[in-house]
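The hints should help you fit chain B onto chain A, whose structure is shown.
Residues per chain are reported as follows:
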Amino acid sequence: DVKVTQSSRYLVKRTGEKVFLECVQDMDHENMFWYRQDPGLGLRLIYFSYDVKMKEKGDIPEGYSVSREKKERFSLILESASTNQTSMYLCASSLGGGVHEQYFGPGTRLTVT
Amino acid sequence: GIQVEQSPPDLILQEGANSTLRCNFSDSVNNLQWFHQNPWGQLINLFYIPSGTKQNGRLSATTVATERYSLLYISSSQTTDSGVYFCAVEPGTGNQFYFGTGTSLTVIP
Chain A
1 DVKVTQSSRY
11 LVKRTGEKVF
21 LECVQDMDHE
31 NMFWYRQDPG
41 LGLRLIYFSY
51 DVKMKEKGDI
61 PEGYSVSREK
71 KERFSLILES
81 ASTNQTSMYL
91 CASSLGGGVH
101 EQYFGPGTRL
111 TVT
Chain B
1 GIQVEQSPPD
11 LILQEGANST
21 LRCNFSDSVN
31 NLQWFHQNPW
41 GQLINLFYIP
51 SGTKQNGRLS
61 ATTVATERYS
71 LLYISSSQTT
81 DSGVYFCAVE
91 PGTGNQFYFG
101 TGTSLTVIP
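Protein sequences appear in the order of chains A and B.
So the first sequence is numbered by the working numbering: it starts at 1 and just counts up by one.
So the second sequence is numbered by the working numbering: it starts at 1 and just counts up by one.
By construction, these hints were calculated from the structure, which means they are not laboratory data.
Since this is a predicted model, take the numbers as computed values, not measurements.
Using N, Cα and C, we set each Cβ at its ideal position, and we do this for glycine too.
Among the hints, erroneous ones may be present.
Said to hold, decoys possible - FRET-style restraints, in silico, Cβ to Cβ:
(1) A:L41 - B:L71: 18 to 26 Å
(2) B:Q55 - A:R9: 31 to 39 Å
(3) B:E15 - A:S65: 43 to 51 Å
(4) B:S26 - A:E17: 36 to 44 Å
As the list claims (entries may be wrong) - To be clear about the criterion: a stretch of chain A counts as covered by chain B if any three or more of its residues have a C-beta under 8 Å from a C-beta of chain B, and this derived list gives those stretches:
(5) 42-55
(6) 93-106
So here's chain A without its partners, still in its complex pose:
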């Protein structure tokens, strides 16, 4: 079974802090994704990565950056957290090579005060 893990289930940070959200997958997947989920808006893609050190902007990249130094790990960085970044953050991975079925981690509920 594919396993995608996220570093925290719940996180509380203060406005202006730098925040790191970590995601690890154990199935040698090429593709990894970060989404945020907000009530009434569904899931929206922030960034994705096709390979180590590769990244692509999704629909809402403003205020975020990412890092993928190793194939199994994809980090989401909030350089200076703001209250409008309070949300549920979900990481996903897919095999690649034409196989795009996505598998999700358990999510991190981030509150910025």
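Frame of chain A, contents of chain B only:
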């Protein structure tokens, strides 16, 4: 970008009842997935179904790509089926999935 609409937005069922959830999309797609989000927020894969019909126990799904819709059938519903069901599509021109806003299902005993 592609539009993904799910209906109904909310659904309340008596345990044992059957239901059909619908996902309409505005453009051609390469891939389509159905997910169930449980009360703890975990998204669970139900079906990866760009076309055709698949069944898994009490659940089945059909995608008619030429008519731009997919259906998820839940038979003999159980309280554990409660949660939000999402449809996600990957357009023919592109390489990311777009999600609908979900159908919130509540199954009451």
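Here is how each hint holds up against the structure:
no., hint, verdict
1, A:L41 - B:L71: 18 to 26 Å, "holds, 24 Å"
2, B:Q55 - A:R9: 31 to 39 Å, "holds, 33 Å"
3, B:E15 - A:S65: 43 to 51 Å, "holds, 47 Å"
4, B:S26 - A:E17: 36 to 44 Å, "holds, 39 Å"
5, 42-55, "holds (count 5)"
6, 93-106, "holds (count 6)"
Of the hints listed earlier, there is not a single one the structure fails to meet.
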